[in-house]
Amino acid sequence: MNALMHRFFFPALLAMTLIMLNSCESVETERPGQGYDQPVMMPEDLSADERRLIPYVEDVLRRAGFRPVYGGGAEYELKFDVDDGPVNADVHLTLLRRGGEVVKSYARTGGPSIVFRRQEMINESFDKCLR
Numbered sequence: 039m040n041a042l043m044h045r046f047f048f049p050a051l052l053a054m055t056l057i058m059l060n061s062c063e064s065v066e067t068e069r070p071g072q073g074y075d076q077p078v079m080m081p082e083d084l085s086a087d088e089r090r091l092i093p094y095v096e097d098v099l100r101r102a103g104f105r106p107v108y109g110g111g112a113e114y115e116l117k118f119d120v121d122d123g124p125v126n127a128d129v130h131l132t133l134l135r136r137g138g139e140v141v142k143s144y145a146r147t148g149g150p151s152i153v154f155r156r157q158e159m160i161n162e163s164f165d166k167c168l169r
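Sequence positions in the sequence shown follow our numbering and run 39 to 169.
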């Protein structure tokens with residue numbers, strides 16, 4: 039009886055397994071940058087420099103398949119900070135998804151010339167940060 043069982047059930051089980059695996063559906067996850075429109079909650083309490091630069095950040099997000107939104111909940115959230123001190127200009131950009139970091143970028147420029155070229159140094163840090 040055991041040999042008979044192996045002779046009939048094993049090939050049937052193998053055939054059913056192959057049929058089931060062949061009929062599995064593969065689901066492609068939505069990834070930004072592939073035509074999907076993922077909302078990103080944008081920061082609202084921005085400094086003057088951040089308000090001046092945020093349109094460029096929005097443009098980069100749109101080209102990557104995101105949709106910037108203000109004042110609403112979204113799965114993604116952007117943290118954006120321009121910190122210009124007496125010697126350095128730092129720019130931080132962090133994209134979060136459900137509180138976890140997806141992308142983080144940081145750039146710093148500085149030196150004595152920041153005293154005379156502050157806006158230019160902030161722009162340079164910002165450009166480096168977006169690269």
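One or more hints might be untrue.
To be verified - Below, computed lysine-lysine pairings styled on DSSO-like, alpha-carbon distance capped at 30 Å:
#	residue 1	residue 2
1	Lys117	Lys166
2	Lys142	Lys166
3	Lys142	Lys117
Stated by the list, open to error - Pairwise CB distance ranges, derived in the manner of DEER restraints:
#	residue 1	residue 2	range
4	Asp83	Arg146	33 to 41 Å
5	Val107	Pro150	39 to 47 Å
6	Gly123	Gly103	15 to 23 Å
7	Gly148	Gly110	33 to 41 Å
8	Gly103	Gly138	13 to 21 Å
9	Glu82	Val141	32 to 40 Å
10	Arg90	Ser151	27 to 35 Å
11	Arg100	Gly149	27 to 35 Å
12	Glu139	Tyr94	33 to 41 Å
13	Gly111	Lys142	30 to 38 Å
14	Gln157	Gly137	32 to 40 Å
15	Pro150	Glu96	14 to 22 Å
16	Ala102	Glu82	19 to 27 Å
The set of hints was computed from the structure by calculation and includes no laboratory data. Quick caveat: nothing in here was measured; it's all calculated off a predicted structure. Using N, Cα and C, we set each Cβ at its ideal position, and we do this for glycine too.
Here is what the structure says about each hint:
| no. | hint | in the structure |
| --- | --- | --- |
| 1 | Lys117 x Lys166 | holds, 17 Å |
| 2 | Lys142 x Lys166 | holds, 13 Å |
| 3 | Lys142 x Lys117 | holds, 9 Å |
| 4 | Asp83 x Arg146: 33 to 41 Å | violated, 22 Å |
| 5 | Val107 x Pro150: 39 to 47 Å | holds, 41 Å |
| 6 | Gly123 x Gly103: 15 to 23 Å | violated, 35 Å |
| 7 | Gly148 x Gly110: 33 to 41 Å | holds, 36 Å |
| 8 | Gly103 x Gly138: 13 to 21 Å | holds, 19 Å |
| 9 | Glu82 x Val141: 32 to 40 Å | violated, 20 Å |
| 10 | Arg90 x Ser151: 27 to 35 Å | violated, 20 Å |
| 11 | Arg100 x Gly149: 27 to 35 Å | holds, 34 Å |
| 12 | Glu139 x Tyr94: 33 to 41 Å | violated, 21 Å |
| 13 | Gly111 x Lys142: 30 to 38 Å | violated, 22 Å |
| 14 | Gln157 x Gly137: 32 to 40 Å | holds, 34 Å |
| 15 | Pro150 x Glu96: 14 to 22 Å | violated, 33 Å |
| 16 | Ala102 x Glu82: 19 to 27 Å | holds, 21 Å |
Figure legend: structure checked against the earlier numbered hints; hints not met, in rising order: 4, 6, 9, 10, 12, 13, 15.
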